[in-house]
Amino acid sequence: MSTLRHLPAMAYLILAYVFIFLPVVVLVLFSFQDGLLPVPPFEGPSLKWYARLIDNSRLVEALGNSVLVALVSALTATILGFLAAYSLARREIFLAGAVRYLLMAPLTVSYLIIGMGLVITFSMIGIPKSLFAIGIGHVVINLPLCFAIVYSQFGEHQRNIERAAHDLGASDFQALVLITIPMLQPALLASFCLAATLSWDEYIIAFLLSRFDVTLPVIIFEMMSAGLNPVLNAAGTVVFAISIVFVLLAMVLATGRKRSHDDAIG
Amino acid sequence: MTTPLVEIKAIRKEYGDVVAVAGVDLTIDAGAFVVLLGPSGSGKTTILSILGGFIEPTAGRVIIDGQDMTGRPPAQRPTATVFQDYALFPHMNVAANVGFGLAMHKVPRSERKGRVEEALELVGLAEFGRRAIHQLSGGQRQRVALARAIVVRPSVLLLDEPLGALDLALRRQMQEELVRIQKEVGTTFIHVTHDQEEAMSIADKVVVMNHGRIEDSGSPRKVYLRPSSLFAANFMGENNLIPGRVRSREGGRVRVETPFGDCLLDSDAAPDSEVSLMVRPEQIVAAPPGADDDSLDLGRAIVVGIVFQGTHLKVTARSVHDAVGDLKLTLPAGTRLAEGDDISAHVAAADIVVLTH
Numbered sequence: 016m017s018t019l020r021h022l023p024a025m026a027y028l029i030l031a032y033v034f035i036f037l038p039v040v041v042l043v044l045f046s047f048q049d050g051l052l053p054v055p056p057f058e059g060p061s062l063k064w065y066a067r068l069i070d071n072s073r074l075v076e077a078l079g080n081s082v083l084v085a086l087v088s089a090l091t092a093t094i095l096g097f098l099a100a101y102s103l104a105r106r107e108i109f110l111a112g113a114v115r116y117l118l119m120a121p122l123t124v125s126y127l128i129i130g131m132g133l134v135i136t137f138s139m140i141g142i143p144k145s146l147f148a149i150g151i152g153h154v155v156i157n158l159p160l161c162f163a164i165v166y167s168q169f170g171e172h173q174r175n176i177e178r179a180a181h182d183l184g185a186s187d188f189q190a191l192v193l194i195t196i197p198m199l200q201p202a203l204l205a206s207f208c209l210a211a212t213l214s215w216d217e218y219i220i221a222f223l224l225s226r227f228d229v230t231l232p233v234i235i236f237e238m239m240s241a242g243l244n245p246v247l248n249a250a251g252t253v254v255f256a257i258s259i260v261f262v263l264l265a266m267v268l269a270t271g272r273k274r275s276h277d278d279a280i281g
Numbered sequence: 007m008t009t010p011l012v013e014i015k016a017i018r019k020e021y022g023d024v025v026a027v028a029g030v031d032l033t034i035d036a037g038a039f040v041v042l043l044g045p046s047g048s049g050k051t052t053i054l055s056i057l058g059g060f061i062e063p064t065a066g067r068v069i070i071d072g073q074d075m076t077g078r079p080p081a082q083r084p085t086a087t088v089f090q091d092y093a094l095f096p097h098m099n100v101a102a103n104v105g106f107g108l109a110m111h112k113v114p115r116s117e118r119k120g121r122v123e124e125a126l127e128l129v130g131l132a133e134f135g136r137r138a139i140h141q142l143s144g145g146q147r148q149r150v151a152l153a154r155a156i157v158v159r160p161s162v163l164l165l166d167e168p169l170g171a172l173d174l175a176l177r178r179q180m181q182e183e184l185v186r187i188q189k190e191v192g193t194t195f196i197h198v199t200h201d202q203e204e205a206m207s208i209a210d211k212v213v214v215m216n217h218g219r220i221e222d223s224g225s226p227r228k229v230y231l232r233p234s235s236l237f238a239a240n241f242m243g244e245n246n247l248i249p250g251r252v253r254s255r256e257g258g259r260v261r262v263e264t265p266f267g268d269c270l271l272d273s274d275a276a277p278d279s280e281v282s283l284m285v286r287p288e289q290i291v292a293a294p295p296g297a298d299d300d301s302l303d304l305g306r307a308i309v310v311g312i313v314f315q316g317t318h319l320k321v322t323a324r325s326v327h328d329a330v331g332d333l334k335l336t337l338p339a340g341t342r343l344a345e346g347d348d349i350s351a352h353v354a355a356a357d358i359v360v361l362t363h
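If you read the sequences in order, they're chains A and B. So the mapping is simple: the numbering used here equals the position in the first sequence, first residue as 1, plus 15. So the mapping is simple: the numbering used here equals the position in the second sequence, first residue as 1, plus 6.
Just so you know, nobody snuck in bad clues.
Pulled a few chain B residues facing chain A out of the computed Cβ check, cut under 7 Å: (1) F60; (2) P80; (3) T87; (4) F89; (5) D91; (6) A93; (7) F106; (8) G107.
The hints are simulated quantities; they were obtained by calculation from the structure and are not laboratory data. Only a predicted model underlies this, so the values are computations on that prediction, with no experimental measurement involved. Even for Gly, the Cβ is constructed at its ideal location relative to N, Cα and C.
Working from the sequences, and respecting the hints, build out all of it.
Below, the structure is given as structure tokens:
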């Protein structure tokens, strides 16, 4: 009886998940295709496209570039976002409201516009197209998000906790390092992982700001214009796998660090 | 003559046009358990925050241990605060929370451990050192917050409505514990609450506040039985207010005209001023006065409501004098009484408090 009643809901749920995950499943499945084209029928499992991927030095190099840009730009955006959130939440700032809106405003501008603006600006001030330039671009697009995530965690309760630290004799720096940052650690990790993930598969800005050193999305796009190729499926699967690693890492870090703090203080 | 531990001198705090504290002077002796009592917005928490150094007063000075504390940050004051929301460090275990202040004060690690254990034992959490904060109940968190503040041996412990979030039974239990702990450590406690029962059961000295001013202060007994303002009288508990007018002064006393006739009462109210005579419900006796009794006859009244409260009866009786209205009485639980009964009420003159308007 109850199973029958839940049938439409179950069917809807299954359809929704198929809609979301089928493209990924197809991508991953045909990266193991034992044939020349990543299209049905599936001709049996093979790792030969992964072998070709590893042999392709441009792809491997781009993969390394992507990881580097993602980690460094996410770290930078998280630190800058935290500092902005900390001062806006904890200090008296002239026109704080306006400063906050200006910080968030880039969220409403498309990556294309930001990318074009950066190309023009960088050529004006003489920063060449490079991984460094891409990194700056990714900090620009991720800073508003990092700021918003961290700022949302600065509440009155957290403020009282910092007051308690000061009350017990902590200096501003001690309160920041021993209390505020560890207390906001989940938000900081979330901010870092989101920024890293967004940088990891960002294409437009990376395309506009790169010349010799390129990131993985740029090279995948370039190779796709030459037609479908199971190597690209393999590359896509690696991209997907690394994204999952970011997520798992965040979960492990968020739950596994409690002990070390207690020992540091107690 | 000993100098007081804490002196608050002409403290004012304004937020734009809003006056949170409108000129408060207060002295607190070492070792006292002082309760700042008042409704929300009365300025009691602002006073506590000014003592702790979290808020700068607009004017006035705070002196603790003979030293001017005005303008000093919290870290450099001999105060420690128990926050209303406890404000425990969520990423540290119980022992690390309690040990934090000692670490900040550069107490050697070897000494810290013993003092943390001592403090946890004091609040009844001896075995809880390794627990995480999220594993504790509300009452246990409260105790950790207390231990964390006491362990640094402050001159003054500031408690900001620390029992507000606890349920009634636990609150009563913690009140007793606070009194025990205060006696044991001998530290001066300044405790903020809006619960007058709580104030009476824990305080050596109650300071009643309203609209940023001190309305009354003294022992719980004094503030309850001999309040010096109408607000304090109402805030400390139920009462009966009988309108009156001062006819004349006779020695140190005043002759007051009331709906029940004249009576001679202790007061320094000016002649011809309108006053209220305050009588607590339990001070009214439901029997005719004795012949030579120095008491005020409140006349006849008809019982209109009886509420059985276990230890006593709460009785409402309508006075035959229109100007008086309903009288509130607290009578022994065994009193045989029914609605519609006639009672004859009187009150000892010594119990009546004359309050000016």
